[in-house]
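Q: Build the full structure now, drawing on both the sequences and the hints.
These protein sequence lines are chains A and B, in that order. If you read the first sequence in our numbering, its first letter stands for residue 2, the second for the next number, and so on. If you read the second sequence in our numbering, its first letter stands for residue 667, the second for the next number, and so on.
Don't read these hints as lab results, they were simulated from the structure. It is possible that some hints are incorrect.
Straight-line distance between alpha carbons at most 25 Å, and here's what the computed SDA-like set of lysine to any residue pairs gives [stated by the list, open to error]:
1) A/Lys462 - B/Asp1318
2) B/Lys672 - A/Leu469
3) B/Lys846 - A/Leu499
4) A/Lys462 - B/Gly1333
5) A/Lys462 - B/Met1359
Only some residues are given here: those of chain B computed to face chain A with a beta carbon under 10 Å [as the list claims (entries may be wrong)]:
6) Arg696
7) Leu698
8) Asp1309
9) Tyr1377
10) Thr1381
A partial selection of chain A residues facing chain B, derived with a Cβ cut-off under 7 Å [what the hints assert, rightly or not]:
11) Leu12
12) Lys177
13) Ile180
14) Val184
15) Gly187
16) Pro241
17) Thr304
18) Ala320
19) Ile451
20) Ile455
21) Ser502
Ideal Cβ positions, reconstructed from N, Cα and C, are used throughout, including at glycine.
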Amino acid sequence: MGNDFSQTQDLISRGLAGFIPELVLSALVCVLLLADLFIRGVKPRTTAWIATIGLVLAGATLWPRLAASGEIFGWMQGGTQQGLLVTDRFAWFFQMFCLATALATLPMALDHAAFRARRMGEYHALVVAATLGMFMMAGAVNLLIAWLGIEFASMASYLATAFDKRDRRGSEGGIKYVIYGSVASGVMLYGLSLIYGMTGSLHYGAIAQQLQVSGASDLGLMTAALLVFGGFAYKMAAFPMHFWCPDVYEGAPTPFTAYLSVASKAAGFAVFVRFIAAFTTGEGPSFVAFGSVPFDASFGWPTLIAAAAALSMTVGNLAALWQTNVKRMLAWSSVAQAGYLLMAVAVYAAGRGRPSGGDLGPLIFYFIAYFFMNLGAFHVVTVIASRTGAQHVEDFNGLGRRAPWMAFGLTVCLLSLLGVPPTGGFTGKLQLLQTAVENHLVWLAVLAGINTAISAFYYFKLIRCMYLHENQAGLVTTGTTNAVLLALLVLPVLVLGLAFSPFIELSRSFGF
Amino acid sequence: MPDTIKIALLIVVLPLAAWVLGFAHAAFRRRLPACQDWISTVAVGGSMALSLWLFFTKVLPGGGMAAPEVWSCRWFAIGSGANAFILNFDVMVDNLTILMNCVVTIVAFLVHVYSRSYMHDEDRYPRFFLHLSLFTFSMLGLLVTSNLMMLFIFWELVGVCSYFLIGFFFLKKSAGDASKKAFVVNRIGDAFFMAGIFMIGGILSKQWPGEGVLSFQRIWESIALLGQGTGPWIGHETEVALAGVFIFMGCVTKSAQFPLHVWLPDAMEGPTPVSALIHAATMVAAGVYMVARMFPLMAGKGYTSGEFFDSPALWVIAITGGITALMSGTIALVQSDLKKGLAYSTCSQLGYMVMALGVGSMGAGLFHLFTHAFFKACLFLGSGSVIHAVHSQEMKDMGGLKKKMPLTYATFLVSCLAIAGTPLFSGFLSKEAVLGQAAAFGAHHQGVLGWIPFALAAATAFLTAFYMFRLLFLTFHGKPGNQHKFDHAHESPFAMSMPLVVLAILAVIAGGIALPGGLDLGTGHWFQDRVNDKVLVQQAMPESAAFKDMQAHMVHLHEPAHGANAAIASFHEHAHHVHAPVMYMSLAAVIIGIGGAWLLFVRRRHIDLVGGIPPLARYREVLRNLYYVDWFYCQRVVPTGKDIADLAKAFDKHVVDAIVNAVARGGAHVAWFAGRVDAIVVDGAVNGSGASMMALGRFCRGFVNGRIQDYVKYTVWGLGLLLIWAVLAH
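A: See the structure below:
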């Protein structure tokens, strides 16, 4: 008994040592809330600085984990180590990614019109809390932790969406988000409980091992897996759990929409990919070997993901055609982007067990490009919306003259989202299509090509408005911080399109 | 990276920095800096100082650089492994690069100085310097790079700068039209050029996968291997000539060769300093430079053995150059516009250079390029000085300006003497070299055909002296054509006359100090000893076995021909024999040309040739109409092009559109059907009329109707749909 106790104590203390970035983030949430409460007349700039310093600190403590590997908070069960979280390069990438998104959206929040002259500590605390949730999602190797991470990130997101209480659309979006989120959560929990019932474990490795030993009935397992997939799809904003996306993206404060569209999606993919990795061939992130026979993915994961990818991109692009609100249009665009990204996951799942397959490089690379192009687009929308108070497509008329640099930046980002060379989006999409074709998913690659053609319509609609339509409204002044942020977001898009070779290598190294 | 490379890159980057500075200022402050002229001038001045330093430390002492300095790094790879196509950043600095750098930076610097005075009262004055900086950067970049793709990029950059600057006075319709004409005509050659590059890249990369095959060295080596009967070109012998001709087409447009020379005279719509820099001294010479760099490719299989006088590509080049030289020379006879006259003279001289390359002498062609840059820039800037004084480009408004503008006159006279090929001037040496090579080529061929280039060149030599002195006499001698303008004419300020004087000095000494039997420099060989294919090409590849073998029995044309093979020896002997007669002949041409011009235009005061010699009057119309080349394009080529476009349009409308419409209609029907099926849930049935995609889009959007209850319902449906799909498809 005493031995057990000391073992547990040991486990927790060693776990906490590997958990420092998360602890920093937790502390940051508290500090931000307290700053709001106790510093009289605290300025948005002050809390933003606190948040910046805290996030940088978290990043600094996260850095050493690049070299770390292994599970933390683990215990021995049935002869294998079973942890809650894992630290590896893959987790590290997505954690860093979410951290960077939080950092990049900070200046946008400072610039956001509705946020001026408000106590912003609370908002930053919510963003940091969501980031904390995503940290857990990226590292989860236990179904319960995956679910908890999703919930944690979602809760903070609900609140941040409705942060501007005077804004009816924001409140409506928040409420819808809560309801839809809880449905998704319920669906996922149902799936989880079925899996737990069938396998008796929540740890990925143990589940996979159990499935191999006992063999679950195909349909039962498939139903359960599908329900769990629903929970992930909700975070990825992919079909069929994308319904919340347009309303929430439109209602949320634009800086938070930017955050949501990039970080939340990335975390969703991170948690999903790790789940898939465990449920296909069994060569999971940190599992003991399953013998020489790879686990047969008899419930057709690649097919399921490919179907979701196809429907996501098609539905997203087709619906975007009709949008007149730029934020709503970008919301649908992000559903379509989730489809392209899911294509990479389908290829990954299909390629597991093949010698050349199972490469996560294209997915990671596309995410790197997506970070810059989507945040760049949202940044311009934030700046323009907070200067002119407008977010409709016609309000962007003549922007090429009124704010040439902003228009140029937005154009580059849109072309990249569309996948036109020489941008990162092109290089990324090219890799996605290439690997799809190589892995016998030709039909999906063709569909993605058709979808790209469809999406050209609405991306170019905005570009055409900016350059070909007249607008007599005056110049839009943007300020130095915004210009610098724009440059930091747009230049990498071009770099990724021109000098991509080292980044392809780099993104390969983050897979597992 | 070797120091020489670093300096060369610094030379290139300085003008770019001036451009970036101005552009950034414009981006953030919404206007160009008022001191853009200073920024650009200082930047190009720095480049000039560095270029001259390289010249005096690397090129002049001890016979120049023995071998080029090269440096390269990977730009990108397409594909991976054995099939990869590699493109590198290749940089190479050799004698030719440094000499060309000097030409470009000296002329550019002087043009900058000149323009500060000449352009001062024009609108968009700072922008002019911004364009000049971009041009200088692009031109210098073109010279230091050593692979075809990079060269092509800079090639296009100088092209676009030329477009900007020809159309600098874009409010004037003729200027806008001229810039468009230059742009469009140049695209024709560039299309061929690109095709040539692709051919070379395609064929070489098949044999040498995973290497930067477009670098000059690789191309040269492939030709050397071809001479030995191995290498990537085996089985593609026809493509060697074809690629050579395609690449030469790039030169045809850039260097204004017949039949695509038509843009250059119109380009005189640009400001005169631009004409001097871009359309006389540097950019138009880029074509010649490029062909010289690709000389082994043009020479083809015979390059290694020296028996390349039957190479089809070289024949095309020689004949094109000769025709251009003579044709432009005759057109120049009847021009009444001073700058147009100079423009045709430029065409003609470029033809000379091209022809020299065609008859197999890289050294002579480039030597003429080198000397021509200075005196032609001087002539253009001199004409600018005159135009500045009389506010007209028409020679009927000029005349008698000798006394009013003594300095301009003196420099113009010096340059005219140089371009005519008078002894003691640089043009004499370079022209002599070209004529000598053409004559040796003819003698070597021992047939009538072989003498064609020389005949064209000799006739042009006479014409050059004649029409240049026509321009000089009509402008500076005789009675004033327009008394009012004459009275108001005055010598230009120091900022404009100083560049003229510097260029005039260079027009004398650029060929070396031209004393017969004098200094080592006095033979004109100082240039050709440093710039010839032995130094530039063969010694560039010390590790290549093909070249080692070749050097063993290859001699330089100016060395005694011992140990050489038969072809070289024969050519060498001929060159030796024809040298003296050619020199006397060209001296006679100069004397007759200048004397004839004096007789007709000073003594008899005719204004053009046909006025002076009545039997020639029937050719007046032909010359005035520029041999009907422009007319042919406008009346025949362009309408045919339009007819083809109309045909394509009709096809597009009646066939392609019909198919598209049918598909769209089909899609619309499908959408209509889908809309019917989902009529209960879709907000209003999708009607079948709209484009199918928009209809489908409305269908998709319809699910997101704002009601959260419905979202949940549809989500469950969606999950069900996925389940069914996954079950059925598995």
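Q: Run every hint past the structure and note whether it holds.
A: We went through each hint and held it up to the structure:
1. A/Lys462 - B/Asp1318: 24 Å, holds
2. B/Lys672 - A/Leu469: 44 Å, violated
3. B/Lys846 - A/Leu499: 30 Å, violated
4. A/Lys462 - B/Gly1333: Within the cut-off at roughly 22 Å; holds.
5. A/Lys462 - B/Met1359: 15 Å, holds
6. Arg696: Given a least distance of 9 Å, the restraint on B/Arg696 holds.
7. Leu698: Violated, about 15 Å.
8. Asp1309: Interface hint status for B/Asp1309: violated (30 Å vs cutoff 10 Å).
9. Tyr1377: Hint holds; B/Tyr1377 Cβ to chain A Cβ min 4 Å, cut 10 Å.
10. Thr1381: 5 Å, holds
11. Leu12: 38 Å, violated
12. Lys177: 5 Å, holds
13. Ile180: 5 Å, holds
14. Val184: 5 Å, holds
15. Gly187: 10 Å, violated
16. Pro241: A/Pro241 check passes; min Cβ-Cβ to chain B is 2 Å, inside 7 Å.
17. Thr304: 5 Å, holds
18. Ala320: 4 Å, holds
19. Ile451: Violated. Min distance 10 Å.
20. Ile455: Since chain B brings a Cβ to about 6 Å from A/Ile455, closer than 7 Å, the hint holds.
21. Ser502: Holds: closest Cβ of chain B sits about 6 Å from A/Ser502, inside 7 Å.
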